[in-house]
Amino acid sequence: MRAALFVTCLVDGVVPQVAKATVQVLERVGVTVEMPWAQTCCGQMHVNTGYPREAIPLVRNHVAAFEGYDAIVVPSGSCTAAIRHQHADIARLAGDSALAAAAAQVAARTWELSEFLVDVLGVTDVGAYFPHRVTYHPTCHSLRLLRVGERPLQLLRAVEGIDLVELPDAEQCCGFGGTFALKNAAVSSAMLADKIAAMRRTGAQYAAAGDASCLLHIGGGLSRLSTGIGTRHLAEILAVTRRD
Amino acid sequence: MTFLGMPTAPRGVGQLRQEAPFPVAAARALDDSQLRRNLRHATSTIRAKRAAAVAEVPDWAELRAAGAAIKDDVLAHLDRYLLQLEQQVTAHGGTVHWAGDANEANQIVTGLIRTTGQSSVVKVKSMATQEIGLNEALAAAGIEATETDLAELIVQLGHDRPSHILVPAIHRNRNQIRDIFLREMPDAPPNLSDEPAELAAAARAHLRRKFLAAQVAVSGANFAIAETGTLAVVESEGNGRMCLTLPRTLITVMGIEKILPAWRDLEVFLQLLPRSSTAERMNPYTSMWAGAVEGQDFHLVLLDNGRTATLADPRGRAALRCIRCSACLNVCPVYERTGGHAYGSVYPGPIGAVLSPQLTGVADNPDLPFASTLCGACYDACPVAIDIPAMLVHLRSRVVDDKVAHHRGPTPEAAAMRGLAWTMSDPRRWAWALRAGRAGRLLGRRYGRIRHLPGPLAAWTSSRDLPRPPRQTFRDWWASRDADGERENRS
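Chains A and B supply the protein sequences, listed in that same order.
Sequential numbering from 1 applies to the first sequence in this note's numbering.
Sequential numbering from 1 applies to the second sequence in this note's numbering.
Hint data in this document are derived by calculation from the structure and do not stem from the laboratory.
A few of these clues could be false.
Stated by the list, open to error - One side only, chain A facing chain B, incomplete, derived with CB under 10 Å:
id, residue
1, Leu-5
2, Val-15
3, His-46
4, Val-187
C-beta: ideal position from N, C-alpha, C; glycine also.
Starting from the given sequences, assemble the full structure and let the hints guide the process.
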């Protein structure tokens with residue numbers, strides 16, 4: 001099977017190891033990964049900060065970049081949700097019904113990583129080995145916009161050697177919220193403090209999630225407080241094998 | 001799209017506007033550790049109870065869809081239903097008054113009370129009268145209003161403001177309540193403890209004297225049935241029913257969106273509301289009346305105050321489905337940290353963040369649509385399926401449009417967003433920008449991570465480190481891998 005990777009802007013420029021890990025996992029389970037060079041950003045930040053018109057050229061670019069692919073995989077719940085729930089709407093705002101139809105088509109072929117592995121490929125055991133204590137934070141957009149449910153946990157439970165511990169109040173938002181983290185830094189930090197306290201109670205060595213953006217925020221707090229807890233994207237855990 | 005010409009809630013009256021920017025008010029609230037403990041305890045308790053009460057109902061999803069559909073029908077035909085309601089209330093001996101805004105409503109109520117010759121009234125808990133600042137208007141006219149809902153009484157005696165739609169004194173614990181009673185309630189027993197039963201008994205004795213003396217009552221309404229002219233108040237304490245039945249004159253102030261078309265629609269809402277608000281299967285007291293009972297005068301004041309302006313926005317109007325249950329407040333991670341006062345408006349939390357800016361016009365509440373991480377917990381909890389996160393995103397664009405329209409040249413944020421969009425709408429420009437971003441590696445050399453950022457990004461590093469930019473972007477890695485692969489293929 002062939003699949004196009006939507007890297008996402010944040011992963012491309014800030015945490016490329018997440019996309020490398022995604023490629024490793026996909027190739028290990030037999031997927032031929034393609035990288036459409038024309039891709040940039042889904043435009044979610046523009047839309048969610050109140051600039052939907054500025055997002056129109058980004059949606060146009062995204063649709064043009066991915067139109068020719070049968071399956072598109074994204075290592076982010078939030079970007080997948082933007083493609084699924086915002087793109088056609090933004091195209092309609094531009095008065096471009098052809099773009100809206102094309103955006104809906106692309107969205108229908110776009111999957112968040114855990115959805116793609118579990119639903120499309122029917123795989124839960126990807127042959128990973130990660131002998132560490134891990135706690136998983138279900139990011140809000142994966143949880144409530146995509147409803148990925150148990151899929152990431154099914155994948156993590158199948159990892160050899162993992163000690164997966166439940167995160168107390170897991171479904172509470174970490175406080176990232178895109179530009180919320182800057183515009184309402186005090187509230188964002190207060191939410192983060194509670195999330196970190198919950199992570200500390202688990203005794204985990206690693207905090208895992210399916211969104212690099214939330215992990216950047218959580219990891220930034222974990223690092224600032226010198227907690228010794230590291231962050232790993234779901235793909236980064238699934239990428240490690242006994243041979244590594 | 002323009003919303004000009006639609007009257008919004010007037011300035012200078014009522015409680016719908018932020019006094020300080022939300023981030024400032026929120027930071028102040030966060031510093032109050034007692035407030036945070038009180039809120040955390042209260043919201044986490046009610047969250048768990050509500051989840052259990054909702055899980056008991058096998059057809060909750062269908063009820064929720066029905067609730068949304070009934071309310072959408074009301075909003076689509078509001079003109080017709082309002083006239084039908086007026087006709088039915090009048091036919092049953094009541095008098096209907098139309099108030100375009102808070103000032104008109106306050107004048108109508110003040111005039112009606114003056115006609116009775118009374119100088120004091122008892123009140124049923126009501127958001128509409130909080131919204132228009134009725135108590136303050138009555139005080140200015142020399143009329144004393146006594147709140148009879150226990151929590152509203154605590155707020156009133158504490159010279160305080162409600163911080164929650166359903167539990168207005170949620171920010172107070174029992175110790176603080178005892179102190180307020182001892183200080184402000186002349187008939188409170190001097191040895192009053194902070195046991196809830198003792199506190200309730202003291203309030204009961206205090207209120208009983210007010211009920212027996214009252215000649216005029218003011219209430220709100222949870223529902224008004226257009227078909228029958230029936231008004232409904234649901235409550236837990238029975239104090240509302242005392243107000244509704246004992247005084248000779250009853251004045252009800254109600255937002256125009258509170259209508260339900262038919263009596264049988266109550267079947268849906270009397271299930272949705274109690275389970276969502278107090279996590280009860282059924283609320284203890286449901287009072288219903290149509291028009292005036294014998295020997296009583298009944299007046300219904302229908303309040304617009306920005307509701308028609310809200311109705312004019314196709315992407316914002318679903319906020320008028322709200323039945324004021326507060327489920328969205330209780331599940332909101334932002335509300336849990338800041339409490340209600342930070343929002344400025346009597347409608348705090350997620351629903352307040354979409355309702356208040358629409359009632360006042362976005363220029364008067366520009367921060368509220370941004371007071372959310374868009375986590376979506378509110379939408380899941382809403383019994384009438386208001387997609388609050390999507391509405392917040394829509395209102396953010398209205399705020400931005402308003403700011404840009406009133407700013408000489410683009411705002412700095414708009415300029416940054418446009419620049420970023422220009423860069424990101426072209427893959428070559430974006431690839432170039434990504435490589436330029438590696439210059440950021442100059443930062444954070446000392447600790448291996450970035451601990452201080454300049455300008456607006458300093459808000460990030462106030463509590464969070466940032467990793468140094470990587471040596472190689474993903475697309476550069478992929479390009480080098482492709483090149484390696486091709487070399488291997490050739491050899």
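Taking the hints in turn, this is what the structure says about them:
1. Leu-5: Because about 9 Å separates Leu-5/A from the closest Cβ in chain B, which is inside the 10 Å limit, the hint holds.
2. Val-15: holds (7 Å)
3. His-46: holds (6 Å)
4. Val-187: This interface hint holds because 5 Å falls under the 10 Å limit.
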